[in-house]
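For the protein sequence lines, the chains are A and B, in the order given. Counting in this note's numbering, the first sequence runs from 793 upward without gaps. Counting in this note's numbering, the second sequence runs from 11 upward without gaps.
Be careful, since some hints might not be right.
Unchecked claim - When the alpha-carbon atoms are kept at most 30 Å apart in a straight line, the in silico DSS-like pairs for lysine-lysine are as follows:
no.	chain 1	residue 1	chain 2	residue 2
1	B	168	A	857
2	A	841	B	168
3	B	168	A	925
4	A	841	B	312
Hints listed in this document are in silico derivations from the structure and should not be mistaken for laboratory results.
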Amino acid sequence: MELSKTRQQEQDSNPREKFIMAARRHKILSNKCSRCGHLMLVTVYYCEKCFNHKFAINELEGTGKVVTYTIQAVAPEGFEDAGSYAWVVFRVDGTDFNASGFLPGVTSASDLPLGSRVRVLDYHPKHGLTLQKV
Amino acid sequence: MPNKVCVLGAGSTKYGKLNEGIIEIALKASIDAIDSAGITPKDIQAGYISNVFGVTDRQVHMAPVIMSNLGVPEVPGLTIESACGSGSIMFREAYANVAAGFYDCILGLGVEKITHTGTIQSTTLFSYCSDFFYEGGNGASFPGLFASIARSYMAKYKASEEDLARVAVKNHENGILNPKAHVRKKITIDDVLKSPVVASPLKLYDCCPFSDGASAIILCSEDFAKKSGRPFIEVIGSGRGASPAAVQGRDDITTIPSTVAAANQAYKMAGITAKDIDFAEVHDCFTIAELIDIEDLGFFKKGAGANAVREGATSRDGEIPINPSGGLKSKGHPIGATGIGQVVEVFEQLTGKAEQRTVRDAEVALTHNFGATGASAAVHIFKRVQ
């Protein structure tokens, strides 16, 4: 089957670009080690368990549970216009690894109990991996 | 066996918002250290410098500038950058070169100038020390990263915001006695809890200040130190460790693997355990960091740090005094200088120059300093030489 131009670009890109393009499709891109089967984020170049360099791309639903987070009151440059937001670490469903991202609209801890579910919404040019509560 | 390595002299500027440029403050601390050691620049065989944001004060490649201004342009030097851990990691490299016999006498200088950039730009610059693709680039500042660590710790060990605040109160009590500290102000738990939120659950008084400052030491061989006839201290343990760069990459967010690894190496080399340490200068960039440090360094069991602070065990007259200098929290955190500033404090304590903040009967002391959220760390152990 012929790949779309966008998907072809994604295949030809470097790991970080691949990660970004997948996030725009609401996915988290991971690598599965061809030797030991260990699953890790696509941006890691060698298997963390056996140091093999060959992987099969494994596209995951960009969903998970909040492991920890902060609500940034003093934001760095580029986030001044982001309103009240959280920076969130979440455990990606079906894996034993975490990812982290920007979750707008969080104003207090009651908005986001640990264990809340989030999903990847987009990869924003200024705010990076953007999440939403599920 | 490595050669014995000693600290023969130490000097420091005041930490805080300084008006002079980066080279002026660097030279001031260097000259203080040279005078303290009773040597001249001609005795220095290499200049090791730690700095992160010199570019903001229009100076990188600092070593030749420093050595030229000390009148010894022929002395080789280098600059080491490891974020907030730059000073201790530079110290480790200088230590290794003296231990290996390449040099007998090194100037170790840590320096930072950052306050001129303002709070928002400083916050942004510091975020470049994170794993930016996953952290700074998604909106996490350094207070934010440590706040996320704090939330994990508080959930796992049932610690409270008051427990964090007690660390700040204790370190400010110590810092009041340090004439070179950035924030010499007594604070209460209530002051901390009512201070503005920076990144929840951390508030302004949970955070160290952005500081300018420079600290310098003279590191030398045992023979060199003995010939000087001056008081000196010996480095008896040195360890380095590393952790996943991003917080998301850690199996347990409530511990810093680089600290544990560096401490284990340093204790093993010194042939002692945490119980043998009389006081420690640890990396309290945020109150939560000190709680985690004192557990990871083996002074208390995991989860017991908050209770230890509550019971006064880490106060200057407690079981294991932590940060008698005031720590990063009160003394300040000029990030390129901090690790060397800790060694300056240990030198002054163990050679009887710490005045009002002296830890009584201290013989053995530990320094612990890390970069970013602990992606890199170094631990050193020192003993008084009679």
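Subject >> Ascending list of hint numbers which this structure does not respect >> reply: 2
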